[in-house]
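Okay, here's what each chain looks like letter by letter:
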Amino acid sequence: DIQMTQSPSSLSASVRDRVTITCRASQTIHINLNWYQQKPGKAPKLLIYAASSLQSGVPSRFSGSGSGTDFTLTISSLQPEDFATYYCQQTYSSPITFGQGTRLEIK
Amino acid sequence: QAQLVQSGAEVKKPGASVKVSCKASGYTFIGYYLHWVRQAPGQGLEWMGRINPNTGGTDYAQKFQGRVTMTRDTSISTASMELSRLRSDDTAVYYCATEVHPDHYFDPWGQGTLVTVSS
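Sequence lines, in order, name chains A and B.
Just so you know, the first sequence maps onto residues 1 to 107 in my numbering.
Just so you know, the second sequence maps onto residues 108 to 226 in my numbering.
This is chain A alone, in the form it adopts within the complex (with noise of 0.2 Å):
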């Protein structure tokens, strides 16, 4: 199984603060890799697909970079409704998996 690892866990930050949060797959992934938004009680919702293509309505705010093990998410201005949980998820094979979490919390 493919694993993978983000960081930080947990990750406290002010409004308009640029953030970044990262994803490591323990083998190449390629770019088969995607980014969630989940807010407590919510579904996730698709911010970034393919490691770098923002989903249609997400705010351009946020971007993915990143290709075969090593990846990044960024917030380049957070706003107040960006306090979230965000996870990477791998599709390049099965079993599908995802990361186990980033929480950012409100400085």
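Be a bit skeptical, because a hint or two may be false.
[Claimed, not checked] Heads up, simulated DSBU-like pairs for lysine-lysine below, C-alpha to C-alpha not over 30 Å straight-line: (1) 107/A <-> 119/B; (2) 130/B <-> 45/A; (3) 107/A <-> 45/A; (4) 126/B <-> 45/A; (5) 119/B <-> 45/A; (6) 39/A <-> 126/B; (7) 39/A <-> 170/B; (8) 119/B <-> 130/B; (9) 119/B <-> 39/A; (10) 107/A <-> 130/B; (11) 42/A <-> 126/B; (12) 42/A <-> 119/B; (13) 170/B <-> 130/B; (14) 107/A <-> 42/A; (15) 107/A <-> 126/B; (16) 45/A <-> 170/B; (17) 39/A <-> 130/B; (18) 120/B <-> 130/B; (19) 170/B <-> 126/B.
Hint data in this document are derived by calculation from the structure and do not stem from the laboratory.
Please build the complex by placing chain B on the supplied structure of chain A, with the hints as guidance.
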């Protein structure tokens, strides 16, 4: 727009089975794989498996092999996931999600179904 609507919350005793349904609308049901993902309280996302609604073919995570059965009814655009021999650590929110090709991301997701296993 594409939408998945899941069945309601369930409370089950240890050793029982639970069946969660997921009704698709707004897209061609048989054209996209349907996945099941669960989330235990305060924990992360765990993939359980997927079904090809066109053929009925399935791919289960090894952890759930022998306990999970995924089915579909194309006449009503509905997929179902049955988990048997329930244990307390199966208490979780269960989500269905559609896999979009060719980029293999999950969108949309169902609203989630809470399954509580308690004696």
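Okay, the hints, checked on the actual structure:
A C-alpha spacing of about 40 Å is found between residue 107/A and residue 119/B, which places the hinted pair above 30 Å, so the restraint is violated. For a cut-off of 30 Å, the pair hint linking residue 130/B to residue 45/A stands: about 19 Å separates their Cα positions. Of the pairs offered as hints, the one joining residue 107/A and residue 45/A holds, with about 23 Å between alpha carbons and a cut-off of 30 Å not exceeded. Between residue 126/B and residue 45/A the alpha-carbon distance is near 24 Å, which keeps this suggested pair within the 30 Å criterion.
The hinted pair formed by residue 119/B and residue 45/A meets the criterion: a straight-line CA distance of about 29 Å does not exceed 30 Å. Distance hint between residue 39/A and residue 126/B is fulfilled; the C-alpha atoms sit about 26 Å from each other, no more than 30 Å. For the suggested pair residue 39/A and residue 170/B, the alpha carbons sit about 27 Å apart, so the restraint of at most 30 Å is met. A threshold of 30 Å between alpha carbons decides the hint, and for residue 119/B with residue 130/B the separation of about 22 Å falls inside it, so the pair holds.
For the hint pairing residue 119/B with residue 39/A, the CA-to-CA distance comes to about 26 Å; that is within 30 Å, so the pair holds. The straight-line distance between the Cα atoms of residue 107/A and residue 130/B is roughly 40 Å, outside the 30 Å bound, and the hint therefore fails. At roughly 21 Å between alpha-carbon atoms, residue 42/A and residue 126/B fall within 30 Å of each other, so this suggested pair holds. With a C-alpha separation of about 23 Å, the suggested pairing of residue 42/A with residue 119/B holds against the 30 Å cut-off.
A threshold of 30 Å between alpha carbons decides the hint, and for residue 170/B with residue 130/B the separation of about 25 Å falls inside it, so the pair holds. For the suggested pair residue 107/A and residue 42/A, the alpha carbons sit about 23 Å apart, so the restraint of at most 30 Å is met. Simply put, residue 107/A and residue 126/B have alpha-carbon atoms about 42 Å apart, too far for the 30 Å limit, and the pair is violated. Distance restraint check for residue 45/A and residue 170/B: the Cα-Cα separation of roughly 25 Å lies within the 30 Å cut-off, and the hinted pair is therefore satisfied.
For the suggested pair residue 39/A and residue 130/B, the alpha carbons sit about 23 Å apart, so the restraint of at most 30 Å is met. Restraint check: the Cα-Cα separation between residue 120/B and residue 130/B comes to about 26 Å, which is no more than 30 Å; the hinted pair holds. Using a Cα cut-off of 30 Å, the hinted pair residue 170/B and residue 126/B holds, with the two alpha carbons roughly 18 Å apart.
Hint compliance for this structure: hints 1, 10, 15 are not met, and every other hint is.
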